[in-house]
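Protein chains in written order, with my numbering: chain A, 1 to 284; chain B, 1 to 227.
Think of the hints as simulated: they come from the structure by calculation, not from any bench. Note that beta-carbon positions come from the ideal geometry of N, C-alpha and C, so glycine has one too. Careful: at least some of the hints might be erroneous.
[Said to hold, decoys possible] Capping the alpha-carbon separation at 20 Å, the derived lysine to aspartate or glutamate pairs in EDC-like fashion look like this:
1) B/Lys82 with B/Glu31
2) A/Lys141 with A/Glu124
3) B/Lys55 with B/Asp8
4) B/Lys82 with A/Glu203
5) A/Lys78 with A/Glu140
6) B/Lys72 with A/Glu203
7) B/Lys55 with A/Glu203
8) B/Lys55 with B/Glu74
9) B/Lys72 with B/Glu62
[Claimed, not checked] Heads up, incomplete: computed chain B residues facing chain A, CB under 10 Å, no partners named:
10) Tyr51
11) Arg81
12) Gly84
13) Leu92
14) Leu106
15) Lys107
16) Thr109
[What the hints assert, rightly or not] If you only want the chain A side, here are some residues facing chain B, beta carbon under 10 Å, derived:
17) Phe6
18) Ser13
19) Asn200
20) Ser201
21) Glu203
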Amino acid sequence: MRAFLFAIGQAFSSFWRRSFVTFLSIITITIALVILGAFLTISLNLRSTLGNLKRQVQLEFYLEKGITKADVTGLLNKLESEDGVESVEFATAERARIEFIEEFGDELLRGLPGNPFPPSIRVELSHATGMGERVTELAEKYRDELQIIELSAPNRIAYRLSKASRTFLFLSLGWGIILLFAATVIITNTIRLAIAQRGNSIEIMQLVGASPAFVRMPFLFEGVLHGALSGGLAWLILWSLYRGSEYIVPGIIPLPLIMNIIIVLLGAIFGGLGSYIALRRYLN
Amino acid sequence: MSILRVKDVRKSYGRGWIALDNVSFSLDDGEFAFLVGSSGAGKSTLLSLIYMGEKPGSGIIEAVGFDSDNIKPEEIPLLRRKLGIVFQDFRLLPEMTASENIAFSLKVTGQPRKFIKSRTFELLSMMGLSHKAKSYPHELSGGEKQRVSVARALANNPLLLLADEPTGNLDPQATDELIRLFFEINRQGTAVLMATHDTALIDIAPMRVLELENGVLVGDRPGKGMP
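Put together the whole structure using the sequences plus the hints.
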């Protein structure tokens, strides 16, 4: 316990003693974590937008007016058994007309002979992953079916968003790994400097019989402290950025609490790792 | 009974420079010995091998119950807690006061707070430094710094006190005081091995003298007892 308290005390005093190096190290790691957090926030928002769009994505097959009930049932059954299809629904020509009037009024339809809308089958797709490809696949497959006269265009935005969301997630993770490595290197070098600066004290500690753990613990704490403090600062900056962007992008989702805690923990873990590497390399 | 046994020890560094060549001697419990020789004779190397700062190239060193052949790295701190080490350049922690420097060696060995306080006070008064307890090293004279360093070395009641040119940076009066202090420590039962190139010191008292010359032990003059 005494060794533990001593280590914490030493870690804090080293903070003030080498305030400039400490400041630089914390700022750099904070920037790395903020970039990681920002990427994660963008990825999270893309996925959320995609989720909303998914609910709106519908593939609509327009049918000939004289299609028989048996043909419709056959088509409905076939489509329902398709992979990725959540539900199918037959909309009569009359229903299409009513929906149009409800949305746009009946002025546009005045003067047109009869009901200009064909009956249709509306297909809801189930999952976002690969949705874009599935829409195209289904459209192509049923394009030449006898009764189908037209297909509505697949939702290209959803397709692009789906791709972008995945790319962003990979980018976030890739960046995350690179930045955390960079943070580890920075902490390793900061602790290396601390070891060099306190070489005399370390030697004295070793000569009076301090155990390796006693000698190493302050440096380990220092690294963890650097990382955790950077994580905390990154949390604060990300929160401020979120509050700022709310005015520009209304409805933007912030990083959930758990993700912020993970960022602080990641900072602390990689801080400890950086110290550990420095101690292994530069302290005999 | 031997507190220290050095047997056929050889130590060389790069380009064939032999620092110690086939050195053998032993030191009994409570014995005092000067280790003399000119600069570069191998005195500091020998002391460094005894506190296991480095390992001998060949031969064996047995000190305070540990031997250089079988000691594990994690046992080195345990060996050093049974040794007291004093250097010419004092090696005090500049950011700590005199009493903190002494207390530090007790703290690292996990002694209780109350004991640390009383032992530090005891050592400060033994060294005649009670009034300097709160002084930082830069506020102390050379002799005072060295007495703080001796107090720190004695904090854990060592079985063997190693001193590497402890009077090297002291004026004659401080040197005289320090030597008397070492004799007193030895009188209380701690074995002392003091390396020095100051031959005048060995004339103060008829103690045992081990003489190193170019890494070879060329003389071992027995002592005639305390002055």
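Hints versus structure:
no.	hint	verdict
1	B/Lys82 with B/Glu31	holds (16 Å)
2	A/Lys141 with A/Glu124	holds (16 Å)
3	B/Lys55 with B/Asp8	holds (13 Å)
4	B/Lys82 with A/Glu203	holds (17 Å)
5	A/Lys78 with A/Glu140	holds (15 Å)
6	B/Lys72 with A/Glu203	holds (19 Å)
7	B/Lys55 with A/Glu203	holds (17 Å)
8	B/Lys55 with B/Glu74	holds (15 Å)
9	B/Lys72 with B/Glu62	holds (13 Å)
10	Tyr51	holds (7 Å)
11	Arg81	holds (4 Å)
12	Gly84	holds (9 Å)
13	Leu92	holds (8 Å)
14	Leu106	holds (9 Å)
15	Lys107	holds (7 Å)
16	Thr109	holds (6 Å)
17	Phe6	holds (7 Å)
18	Ser13	holds (8 Å)
19	Asn200	holds (7 Å)
20	Ser201	holds (6 Å)
21	Glu203	holds (7 Å)
Hint check: no violations occur; every hint is consistent with the structure.
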